[in-house]
Amino acid sequence: MTLLTVNDLWVRFPTRQGVFDAVRGISFELGQERLGIVGESGSGKSMTGRSILQLIRKPGVVQAAEISFQGRNLMELSERDMRSVRGNEISMVMQDPKFSLNPVMTIGAQLMEAYLQHNRDSRQNARNKCIEMLEAVSLRDPERVMDAYPHEMSGGMGQRIMIAMMLIPDPKILIADEPTSALDVSVQRQVLSIMDRLVRDRGMGLIFISHDLNLVAEFCDRVLIMYAGRIVESCPASKLREAKHPYTRGLLNALPRLDNPRTHLEVLQRQDDWTHAALEETQ
Amino acid sequence: MVSVTSQPEEGRKSAPFPAWLRKFLTTCGSIAATMLGLLLVTFVIGRVMPIDPVLAIVGERASQESYDAVYHQLGLDKPLMVQFFYYLWDVLHGDFGNSLLTARPVSQDIARVFPATMELATLGVVIGMFLGIPMGVLSAVHRGTWIDQTIRVLTLVGYSMPIFWLGMMGLLLFYGILGWVGGPGRLDIFFEGLVPSVTGMVLVDALLAGDMDVFWNGFSHLILPASLLGYYSLAYISRMTRSFMLEQLSAEYITTARVKGLSERQVIWGHAFKNIRVQLVTVVALSYANLLEGSVLTEIIFSWPGIGSYITTALLSADMNAVLGGTVVVGLIFICLNILSDLLYKIFDPRAK
Amino acid sequence: MSEQTLKQWLLSDAPTSRMQARVAGLYQGWLRLTSNWMTLTGLIILTALVLVAVCAPLLAPHDPFEQDLLNRLKPIGYDDHYLGTDSLGRDILSRLIYGSRITLYIVALVTLIAPVVGLLVGTVAGYLGGWTDQILMRTTDVFLAFPRLVLALAFVAALGPGIENAVLAISLTAWPPYARMARAETLTIRSSDFIAAIRLQGAGPLRIITRHIWPLCISSLIVRVTLDMAGIILAAAGLGFLGLGAQPPSPEWGAMISEGRRFILDHWWVATIPGLAIFTVSLAFNLLGDGLRDVLDPKDGGHG
Chain E
1023 MTLLTVNDLW VRFPTRQGVF DAVRGISFEL GQERLGIVGE SGSGKSMTGR
1073 SILQLIRKPG VVQAAEISFQ GRNLMELSER DMRSVRGNEI SMVMQDPKFS
1123 LNPVMTIGAQ LMEAYLQHNR DSRQNARNKC IEMLEAVSLR DPERVMDAYP
1173 HEMSGGMGQR IMIAMMLIPD PKILIADEPT SALDVSVQRQ VLSIMDRLVR
1223 DRGMGLIFIS HDLNLVAEFC DRVLIMYAGR IVESCPASKL REAKHPYTRG
1273 LLNALPRLDN PRTHLEVLQR QDDWTHAALE ETQ
Chain H
9 MVSVTSQPEE GRKSAPFPAW LRKFLTTCGS IAATMLGLLL VTFVIGRVMP
59 IDPVLAIVGE RASQESYDAV YHQLGLDKPL MVQFFYYLWD VLHGDFGNSL
109 LTARPVSQDI ARVFPATMEL ATLGVVIGMF LGIPMGVLSA VHRGTWIDQT
159 IRVLTLVGYS MPIFWLGMMG LLLFYGILGW VGGPGRLDIF FEGLVPSVTG
209 MVLVDALLAG DMDVFWNGFS HLILPASLLG YYSLAYISRM TRSFMLEQLS
259 AEYITTARVK GLSERQVIWG HAFKNIRVQL VTVVALSYAN LLEGSVLTEI
309 IFSWPGIGSY ITTALLSADM NAVLGGTVVV GLIFICLNIL SDLLYKIFDP
359 RAK
Chain C
977 MSEQTLKQWL LSDAPTSRMQ ARVAGLYQGW LRLTSNWMTL TGLIILTALV
1027 LVAVCAPLLA PHDPFEQDLL NRLKPIGYDD HYLGTDSLGR DILSRLIYGS
1077 RITLYIVALV TLIAPVVGLL VGTVAGYLGG WTDQILMRTT DVFLAFPRLV
1127 LALAFVAALG PGIENAVLAI SLTAWPPYAR MARAETLTIR SSDFIAAIRL
1177 QGAGPLRIIT RHIWPLCISS LIVRVTLDMA GIILAAAGLG FLGLGAQPPS
1227 PEWGAMISEG RRFILDHWWV ATIPGLAIFT VSLAFNLLGD GLRDVLDPKD
1277 GGHG
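Protein chains in written order, with the working numbering: chain E, 1023 to 1305; chain H, 9 to 361; chain C, 977 to 1280.
FYI, nobody ran anything at the bench for these hints, they're computed from the structure.
It is possible that part of the hints are untrue.
Claimed, not checked - Taking beta-carbon pairs under 7 Å as the criterion, some of the chain H residues facing chain E (in silico): (1) A41; (2) D60; (3) Q256; (4) L257; (5) Y261; (6) R266; (7) R273; (8) K282; (9) Q287; (10) T290; (11) K354; (12) P358.
Glycine included, C-beta positions come from ideal geometry on N, C-alpha and C.
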C-alpha cells in the first residue's frame, strides 16, 4: 500500500547569484517500508524530508506536481490543514537532540504538548501516555525523565525522547533525518534498533536520511542515492552492492570492507555529467 | 553591563571552602570593590572641584580664624587617605553632609526626591516593556518585511532623539496646543497637599487616600514624561528582543515544534519566547537603570522634582555635597539593579543550576 | 581597463592575487552597505554634514554671531532669514551651519580619545592578565557602574563648563565598553598559535600588543564607535542644553535649544530647528552603524 507519493519535487532558494536549486525534480513512492535516502552534504536529502512536511522556510520555495499522502495532495492543503498532518500523520526526528529539544521546557511538557496537540484528553491521561511511550523507548525511570530538562540527558537518551515524542500522536510516516550522526558510536545501534522496532510494530513508513551507506544498507528495505539534488540511483538495499551508477560505485569503493581488505581506498572521482544528466528512473 | 560575577577563580588553592561559598564570597568581594571604586571616584571629583568647600560655608568675608576653624572641622588638614576614610565612614552611615541649597542633610533630600524619579521611571519602563517586547517579537517574526522595517525605523528614531528636545515638543503639542495632558510639575497647584505623602509617589498616595481626582490629575502630569521615557526604553527593549528572537527562531527545536503541528503562535510564544524570557529580564533591568539616567534631562524639561533635577540644580549652584550624594545614590542603584538581574538570571534559567 | 571588466574583476569568484581578494571584499561589502536604503540615507546625510561644515562660510547667508535686536524672534521665511531669527536676532540657519562644525569637532575629539584609551586598557589587561587585569577591569567596572550622563555632569562640574571639558567628560564615560571589548578579543587572540609562534621568535609584550593584537581589534572597534557616535552627539547636546558644554555665543545645537526653550510656546521654531538638526545627524549615525553591523554580522541583519 502506498503511503506517500512524491512527483517532480523542486526546492529552490533565490540568492544574490541567482536561483539555487537544492532539489531538482525528484519523484519516489513510499509504502509501509523503510526507505533510505543517501547522499553527501548538500545533495538535497534533508531538504527532501523537510519539503514533505512543508517546512522549508522563506525565502525557500517548494514546487511539486504532487506530494500526496494517502490520496491527499499536501501541496494543496492550507497551512491550518497542514498542521493537522504534521506530527499526527507525518513526523520527523532530527539530527541532534541537544538542539532539537527546547532547553527551557521540561521533557514532560514537551511530550505532553505533542500528544495533546492532536488528541483531546485530560492532562493525567496524557501524562500516563507519555510515560508509557518513554518506557517503549527503553528509558529507565520515566517519571524522573518527565520532570527533567533536556540538558540533564545524554545524547542517546535525548534521541530516544525525540523518537518517543514524535511517535506519541501515532503517525503513519516517520522521517528520520540523520538520527544517529550526532550520537556516540556505542549508542547508535541501540537507538536505531528501538526506532526500527517501533516503526515495524506500528506498520509505519520510514524515510531514513543518512550519509552512511552501510547503516542504510543494513536498516532499510530500499535505498535512493541522491547527488546534487537528483536521485541518481534507486535499488533494494540488498542489491546495493550491485549498484550501477558510477557515483554509487564510487561511494561503495571508498568504504573500507572487512571481507575485502585493500591497502588503498579509492577516492571519488566526480564527473560533471552526474549533475546535468537526466535521471533514468529505475523503480 | 556590570558583570559582578566575572571574577576569575581566585584562591583556587584555598580548598577548605566549599565551591558555592567561595563563589559567593568572590561575588561579594567584587561588588564591594566596585562600590569602593565608585566612592573613590566621587571623592576625587569632590577634591578637584574648583570650589572651596570652606568658603562655601563661611562666606567670602569671613575672618581667617573662622576659616581655619571650619577648615579643621572639615578635616581638610588631614592627609588625603584619612579624608577618604572619613568620607567612607560618613557615607556608610548614610551621611552625605548638608546641602548648601536646602540646608538639610543630603540623605533626607534624596529620600524626598527619589520617589518622584521612581514613579516616572517605573511607568516609563512598564510602557517600554509592554510595547517593546511585542514589537521586537513581531519584527523578528516578520523579518525583512515592511513590518520589520517600520519597527526598525521607529526604534532608530527613538535612539536618535535628543530626549530633552522631544520633551519640549511633546509639551508644546500635547499641553500647549492640544491641552490633552497636564503641564510641568507633578500636580496642578490646587491639587497639591490634598493627600498625605506616604510613599512619596503621587499616584500611589492618591490611591491609598482614595482620592481619584488627585490620581487622575497626577496621571495627566505623569503620562507625557513617562511616555517619552517609555519610548526611549521601548527602542532598546524591542531591538534586543528582536535580536534574541532571531537567534531562537533559527534554532532546531523550533523546527521540532513545527513538526509537532503547533501553530505559529504556539511556536513563537510557547517555545521561542520562553527561551528569551531570562535574557529579557536582564534587558528590562538594564533599561530601568538607564531610565534613572535618562530622566535627568526629562525631569528638567518637565520641572519634575526628582533626583535628576536635584543633582542638576545642585550642580549649577555648586552644591557639591548634594551632587556627590546624588551621584553615589544613582550609582548604587545602578549596581544593585545589575546584581539583581544577574541573580534573576541564575534563578530562572534551568541550565544555570 | 574598461568599466565592465573592472566590475567583473571586482566581483570575480576566484581572485588571482591577494590584492584583488582584498579590494573585491571591500567592494562587495560596499555593495551590501549601499544596497540598503536606510544605510545609504545615513551615509548621504553624513557626507552632506561634512560638506556643510567645510563650506560653512560659503553657505551661511549671515554672520552667525551678528545680533540684530530689531529683527529678533522672526518666523521662518522672514525676509532672507530662511529659518527665522533667535532672541538676539541672529540668523538661525547660519548658526545651524556653523554649529555643524562644533558637532563634528566633538565627535572627532571623542573618537580620538575614548576608543584609544579603551584599546590600551583592554589589550594590556587582557594580555598581561593577573593583577594588572584585576585592577584595570575593576576600574572599568566602576566607570560602567555610573550612569553616563550623571558621571559626565559630575566631571564637568569638577572641571568647569566648556566644550573641551565636555568632550573630556564624555570620553571618560565612553571608554569602558571599548576596554571590555578589546580585552575579550585579546583573550582569544592571546591563546592562538600565531602569538605563541611570535613569542618563540623572541618578541616582547610591547611588540606583540602594538604590532599583532591592536590591528586585529580595530575592525570591531570601528563598528562599535560608529554605533556609539549618535549617543556621543546626544550626550554633548544634553550637556550643551544644561549650559555645561559649549558656552554662549557659540552656536552649539544643544545650547541653541536651551536658548529657545523660554520661547517655546510662542516662537516654537527657535528650539525646534536645532533639535531637528541634532536628530537628523544622530539618526544618520545610527542608520550607518546599523548597516555596518549588518555587513559584518549577518546574524542580526534585517534582510535575508
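For each hint, the structure was consulted:
1. A41: violated, 33 Å
2. D60: With a closest approach of 59 Å, the D60(H) hint is violated.
3. Q256: Not OK, violated: Q256(H) not within 7 Å of chain E, min 10 Å.
4. L257: violated, 9 Å
5. Y261: holds, 4 Å
6. R266: holds, 6 Å
7. R273: Since the shortest Cβ distance to chain E is 11 Å, the answer is violated.
8. K282: Result: holds, 5 Å to nearest chain E Cβ.
9. Q287: Because about 11 Å separates Q287(H) from the closest Cβ in chain E, which is outside the 7 Å limit, the hint is violated.
10. T290: violated, 15 Å
11. K354: violated, 14 Å
12. P358: Hint holds; P358(H) Cβ to chain E Cβ min 5 Å, cut 7 Å.
Of the numbered hints listed earlier, those contradicted by the structure are 1, 2, 3, 4, 7, 9, 10, 11.
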